[in-house]
Each structure stands twice: as structure tokens, then as C-alpha cells.
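Order-wise, the sequence lines are chains D and Z.
For what it's worth, the working numbering labels the leading residue of the first sequence as 574, then goes sequentially.
For what it's worth, the working numbering labels the leading residue of the second sequence as 574, then goes sequentially.
There are no misleading hints in this set.
Calculated lysine to any residue pairs in the SDA-like style (CA-CA distance at most 20 angstroms, straight line):
| hint | chain 1 | residue 1 | chain 2 | residue 2 |
| --- | --- | --- | --- | --- |
| 1 | D | K755 | Z | F698 |
| 2 | Z | K755 | D | C699 |
| 3 | Z | K755 | D | Q633 |
| 4 | Z | K755 | D | E660 |
| 5 | Z | K755 | D | L665 |
| 6 | D | K739 | D | Q796 |
| 7 | Z | K755 | D | Q666 |
| 8 | Z | K752 | D | E753 |
| 9 | D | K755 | Z | Q666 |
| 10 | Z | K755 | D | E753 |
| 11 | D | K755 | Z | E753 |
| 12 | D | K755 | Z | C699 |
| 13 | D | K752 | Z | E753 |
| 14 | D | K755 | Z | L665 |
| 15 | Z | K755 | D | F698 |
| 16 | D | K615 | D | G604 |
| 17 | Z | K797 | Z | R786 |
| 18 | Z | K787 | Z | L802 |
Bear in mind the hints are in silico, worked out from the structure with no lab data behind them.
Protein chains: 2
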Amino acid sequence: MRNFKLVVAYDGTRYHGFQIQKGTRLPTIQGTLEQALTILTKEEIKITGAGRTDAGVHAQGQVVNFLSNTLVPVERFPLAVNSLLPEDIVVLQAEEVPVDFHACFSAERKTYCYTFYNSRMRDPFCRYFAFRVPVSLDLTEMNKACRLFVGEHDFSGFCASGSAVKNFTRTIYNCFIEKEDKIIRFLVTGNGFLYNMVRIMAGTLLEIGQGKRKAEDVANLLQKGQRKLSGITLPPQGLCLLSVGYDENTLTQPATCIKINQ
Amino acid sequence: MRNFKLVVAYDGTRYHGFQIQKGTRLPTIQGTLEQALTILTKEEIKITGAGRTDAGVHAQGQVVNFLSNTLVPVERFPLAVNSLLPEDIVVLQAEEVPVDFHACFSAERKTYCYTFYNSRMRDPFCRYFAFRVPVSLDLTEMNKACRLFVGEHDFSGFCASGSAVKNFTRTIYNCFIEKEDKIIRFLVTGNGFLYNMVRIMAGTLLEIGQGKRKAEDVANLLQKGQRKLSGITLPPQGLCLLSVGYDENTLTQPATCIKINQ
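So here's chain D without its partners, still in its complex pose (with noise of 0.2 angstroms):
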């Protein structure tokens, strides 16, 4: 049995999430990347993603793995896989990985952006890859605040209600606000996420930008760890997955590595 490892990115506006939802046939992005590498390598394939992003999120570097017998060579999957994929998903790179990496439970660190569109105008160019926000940021409260999110914490304030997971523990490993034109930026990059915590962190953040909180609440909230204590939850458009980091120590040199010159 061979272990597959895929880069994907996708612009995420038509898919109903990351993973298949059962009962209907809603479009996904695991269902549409599982039906095109089924129809490749002529075996039933179910991949595992690293992160399950909601309808709406993007990705630059989703990570994907799965098993297959497959004789096909791994530098022919990029191109093999494109030809029969939508044109909002895209293969950019794939490997070869030992037996026992699991996109997700291997991953070491995940970096999100979560995207402004800071104008009291409208852009159609960017209306399903950021958030508007009509109102000017203090950018400094908010870089203020993220420095209060970097560490290992509690971030029960920062997950959205009904969630499954029991340790609410996550370390954050990077965290700053960065503009560039009308476009401010939200980079985390930490060792794993909650249900909405990108969401809701960056959702913080805006009203500290706007004045509506100070950027020292952010200890409080961590510390309290009350969901209904923390900022809304931003909407899914402007959240996209960057990349996913993996301990270079735990894959053995894989048999090939394949990166298309973008």
C-alpha cells in the first residue's frame, strides 16, 4: 500500500465544506477530489484532510493524504488529477509518504489569513475572498492583541458552542495584523484550531480595531473562557487555509517529491 500526500487549494464559494456530508449530495471539497482520484487510479479512495474547512473557506495549502495500490508515478499525479478536477480545485504538489503519516493527526502547525477589504466601498473583485469593513482600524490595538494570543492557552472562549473536542488547549505560534493597500490581513499560524476559532479570534480583533474593546480583554477572555464573553463569529469568505506544516523528522525521505514550477 502506498500513502499519498496532495497540496490542494481551492477557492471554497460553491462547496458546501471540506468534508463529505452524509445524507446529501451537496457538493464538497474531500467528495470532488475523492471522485477524481477514484477515477485515476480505478480504486475506491477516501482521503483525509488536515484541516475540515467550512463552506465558504479557502485554501492555498490544504493537505490531503490517502492510500491507494496505484502504479501510477507520483509526479504524474499533479497534471493527472487537474484534468479531472473543477477548475476551483487544484493539485499543486504531491509526494510520496511513508505509511503512518496522517495529514491531520501529523500535522505539527497550520497557518490561516483571515482577509479584510477595509473601504466604505465595495469591490466586486473581492467579495467572496474578503470581509468588508466600511470603518478605519486602529491596527496597533490590534497587533496589541494579537501578541496576547501567542503561547499555549485555553481558547474555550474562542470555539463555537456544540463542539465535540474535550481539550480546548492550543499553543499559537504567530499572530499579527498586517495592511496593504485596503487589504489588512490576519496570519495565525498555531498547532491546531477549534471549531470557528480563526473566525471568532479575528472577529475579536475588529472590535478591538474599532474601539469597541480594549486589546487587553483578550487575556481576560483566555482566561475566562466564555464563548458568549468573546467577539462574533466573522463569516467564512475571508478565512482561507494557508499551508500546513508537518515535522520534517517524522517522514522519512519520501520515494519522490514533485513541486510543479508554478
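Since the structure of chain D is already known, use the hints to place chain Z on it.
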């Protein structure tokens, strides 16, 4: 009667071009704008556009004008019209202009951009806004060819057949190629453009960039004036009407000039 000038941006993806198509109910930019303006002014509004962009072509700075007796203050137009428009069309500016101002006939220059996405790999995020070229291009040769377009020429060789136009002479003021990471932009400013002219110029430049033609061919193509000798017409999604310029002297001081801070 008051004359209003609007600057409009739109994502042309789901529209059947700027101009209302007689006998069909397919959505057009003109039809959608007229509907919103008719609701706002409570008069049947007919707009004139500076350029009739094709289906799938975008605009960052299309200009339209219309006559109306409305008492709505011009400074209220952008936000009021935008509240009646779908997310993919936005009015950026509104001003009152002299009654003889005509968005098309008064236009002194237009700037178009044709965007290439230069990568072996598809990008799910720019599929509606760029034309993908998987091979590397000789930008120096393309820019050499661009310089041959500058000046007053007969562009018969760069006009789709079946055009009703009789005068094929147009003046190109500026024309160049620029690259930013995987994005290559062809920018061209002229006093007017024939049907499909920018897309045929872009198609010819692409063949030059690929080494299929010499940059010097452009002089020959302009002289011969035969459409079949020029390059292919590239698809619409790469094209965007960036701006339309008017001679400031032909406009008397407008009653009010509103530009909402973006």
C-alpha cells in the same frame, strides 16, 4: 434636465456584456444599472456607457451618463444606487456634468488591461480574471512589439470581422507589458478601440512572447490591415476596462463632485 456621470466597477463574469440585448432577458450591466437608477429616481432611466464591454469582460472604471430630473442630491448617488445593485456591480463616483457631456463621444482616452496568469499550474482564485499561459514568455520582445503599436495607425488588422465601423484609425498613447510574480499585465491607452481590438493585440503579443512571431511583425500587420494575419482573439476574462479619461476643458466646473474615500 440634469446630466449625471457615474464611474462604475464590475465583475463581468455573470453578465452578457455591458449592452442590453434586444429580445432577451439575459442580465447585462446596462440593464442592471438602469433598473437600479429607475427605482432610485422614479423615472425611466437610459444610460450611455463609455465602452461596450463584452460578456465576461470586467471594469474598474467604466463611465456612464444619464439625463434625469431627479432631485436626489448627487452626493447621495453612490451609496443609494449601490444599495439597489447586486454585489458584482458598484458605483464608485457620481458627479453632475454639463448637459452636452456624453460618456462615449466625450471620451478622450480609455485604458484597458489584459491580464495573463503565467504558470504551469491553474490558480483557482484568478480563473475569472486572467488568461493562463503555461509557458514562459519573452517580455522584452513583447515590450518591443508594444512600442510599435504606439501612435496613429489603421487598426483594420486588429478588429473582429463584421464590425460596422468605417474608420479604423485609432491612436495608441501608451502600451506596455509589466510582470509581478506570476501575473503579466498588458496595459494600453488609446483614443478609442475597435471591436475586440485589445484582445487581438493581446493575442498577437502572446504569440510574440512565445517566439511564434517576431516583434517587428506588428509593423507589417498594421500596414497590411488583414485580420487573418494577426494573432488570435484571447478570451474575455483577462480583459478589464481600467479607466476612461475626459478632457477637463470640455467639462465646465461640475455642480458637485463626490469621490467616496475608498
